[in-house]
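Following the hints, complete the assembly by docking chain B onto the known chain A.
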Amino acid sequence: MTLLLPGAADAPADGPEAGPPPPVLELRGVHREFRGAATVTALQPTDLVLESGGYLAVVGPSGSGKSTLLNLLGLLDRPSGGEYLLDGVPTARARERVRTALRAERIGFVFQAFHLLPQRTVLENVLLATTYAGVPRAQRRELALAALARVGLGHRTHFLPTTLSGGERQRVAVARAVVARPAVLLADEPTGNLDSHSSAAVLELFDELHADGLTLVVITHDHAVAARAQRRVSITDGVLREDA
Amino acid sequence: MSARRDRFGLRDVVAEATSGVGARPVRLLLTVLGTVLGIASVVVTIGLAQTAANRVNERFDAVAATQATAEPATRSTWSGRQQAIGSLPWDAPERAQRLAGVEAAATVSPVDLGGATVSTVAVHDPSAPALAPPPVVATSPGLLDAVGGHLREGRFFDAGHDARGDRVVVLGADAAARLGVTRVATQPSVFIGDVAYQVVGLLDRVERRPDLLGALVVPQGTAAADLGLVSPAALQLRIAVGAGATVAEQLPIALAPDAPDRVDVSVPPPPAAVQDEVRADLNVVFLALGGVALLIGGVGIANVTLLSVMERAGEIGLRRALGARRRDVAAQFVAESVLVGALGGLIGAALGVGVVAVVSLTQEWTPILDLRVVAAAAAVGALVGLLAGGYPAAKAARLEPVAALRSGL
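Residue numbers (this note's numbering), protein chains in the order written: chain A, 1 to 244; chain B, 1 to 409.
Where hints are given, some of them may not hold.
Stated by the list, open to error - Computed footprint of chain B on chain A, listed as stretches where at least three residues anywhere in the stretch have a Cβ under 8 angstroms from a Cβ of chain B:
| # | segment |
| --- | --- |
| 1 | 33-42 |
| 2 | 94-104 |
| 3 | 127-139 |
To be verified - Chain A residues, not near chain B, derived (Cβ > 10 angstroms throughout):
| # | residue |
| --- | --- |
| 4 | 113 |
| 5 | 115 |
| 6 | 176 |
| 7 | 209 |
Please keep in mind that the hints were generated in silico from the structure rather than gathered at the bench. All C-beta atoms in this analysis are idealised placements derived from N, C-alpha and C, irrespective of residue type, glycine included.
Just chain A, with the same shape it has in the complex (with noise of 0.2 angstroms):
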């Protein structure tokens, strides 16, 4: 079967030997609004480029748009405009099939309610995202034990979630997030449920990550989880703003 996504070395137009390579995100132009009774403009036209390894937050208040720019980062939702670039591939107009091996392939998701399967086992619910990203069964669980040693879980492979701590929780979904190695890993508030010890637990799986040189980007209302970030923005009604 041949590639359906073109490889990130393909993408460049301009030439065989592009310089280097292209950012893991790039927003141009991108907005998003809400059609109903009235028009809500969640998101402004926004420009945003992170390159590989960058670790970046984005904070701001409820209702700011974090959330509208979080499922436009992790192609759970369109852009109403502009163009937006994962990896170097567009993806605005993409056909749903090549966004949803985009999601598989590239992007991890973390989410504040860790969404785990209460049913599956810790090894379950990791190798679950290994199957959706085409990772091949031999390989599948070797992955999900490294990644479960990665985030320190690796003695409780066979628990199930609803037996462990919010912050092993939470680990757990990093370890989800990661084993089939992305190339964006997209937290949305992931210490929002935590209490500060296993908050900082989490920032620290977060900053060993990014140390290994994984790119990520942090959803958060709290300015403490957005000061560990390399690059922070701040969203305020729809707009990008970067901070200094």
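The following block gives chain B in isolation, referenced to the frame of chain A:
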């Protein structure tokens, strides 16, 4: 980049569906119940129909399927009476027995007594009430074999009695009781008119022609000599199972080579035809009932699957976020529903077989159930699941990931 051929393949669908279904055992049980009852009732109805048809057929085989008769053809006179237009030869049994498929044959001819009385003592009592005498039947010596008769006492007359026209008689059990004859050892006699006939045997049961139990049976030679019998009235045959068609074709020629159309032969229809007819009648009704039950089972699965889709919106959203295609989500729910249906089908089929077996056991029937029906029942369960899962699966696939994720897990 990873190998795409391993992306949520059939094995993954089955694994996800199995663990999805297995995660809620109580609900699974309740969901399956409708299909179990539906499939079980179909299997039971088909099983009992087959068993019943087999019983009809068993009886049919044992007696009716081996019974045939030949009579002179009749035609309607213009006054409406049936009049015989041919006659059977005296040696009809011998002629018939030469044919393949004929196992025994005997003539059976009612004898017209012309007002003569039948009694054990030759008393003329003008004041006695006029009772209808028991019928007198003239037969050839092979009667017992041809009608499956059994003697309680004594013997049946033989070819010698017949040829000599000996005055002997065999009494049917009812006729003997009526005449007050209980034993043959005392050499009782029965008077037909004024002529004494020695009772040589008492007949106590016959499989065919139970009317013989009420009659006096005399040799046809004797009837011809004493009682004015002109020719045999009917030929009673026992034939091999399935020989009906052949016998029907050949017997008229054997009995009346000059005018075979003047002999009417009645033979049993082929056994399979009867069996199928009975089965078809029963099955139409029963299958309709089973179908209704299955429909209810299917609606049950559809309902629960739909409910499950609503409940698991968060899970669906998560799967979409993890990269599940719409068709992966649809496949998972269809697979779950097929699994539930197949499980219901299997349990229902097993239950149905059990019920057929128990009912047969208590009724002392031989349980008959086509194994293909059992296999088909399980498959039908899966099919019901497939049909029932279609709409909920489509609904699951249509869920937008953003909205679905919001519902939580």
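Verification of the supplied hints:
For the segment 33-42 of chain A, the stated coverage by chain B is not satisfied: 0 residues place a CB nearer than 8 angstroms to a CB of that chain, which falls below the threshold of 3. Coverage of a stretch by a chain is defined here by at least three residues with a beta carbon nearer than 8 angstroms to that chain's beta carbons; for the segment 94-104 of chain A and chain B the count is 6, and the condition holds. Counting residues of the segment 127-139 of chain A whose beta carbon lies closer than 8 angstroms to any beta carbon of chain B gives 9, which meets the minimum of three for the stated coverage. The claim that residue 113 of chain A lies off the interface is violated: its Cβ sits roughly 5 angstroms from the closest Cβ of chain B, which falls inside the 10 angstroms cut-off.
Look at residue 115 of chain A: its CB is around 5 angstroms from the nearest CB on chain B, not clear of 10 angstroms, so calling it non-interface is violated. Under the 10 angstroms C-beta cut-off, the non-interface status given to residue 176 of chain A relative to chain B is violated; the minimum distance is some 8 angstroms. Residue placement check: residue 209 of chain A keeps its beta carbon more than 10 angstroms from all beta carbons of chain B (closest about 18 angstroms).
Going down the numbered hints, you'll see the structure goes against 1, 4, 5, 6, while the others check out.
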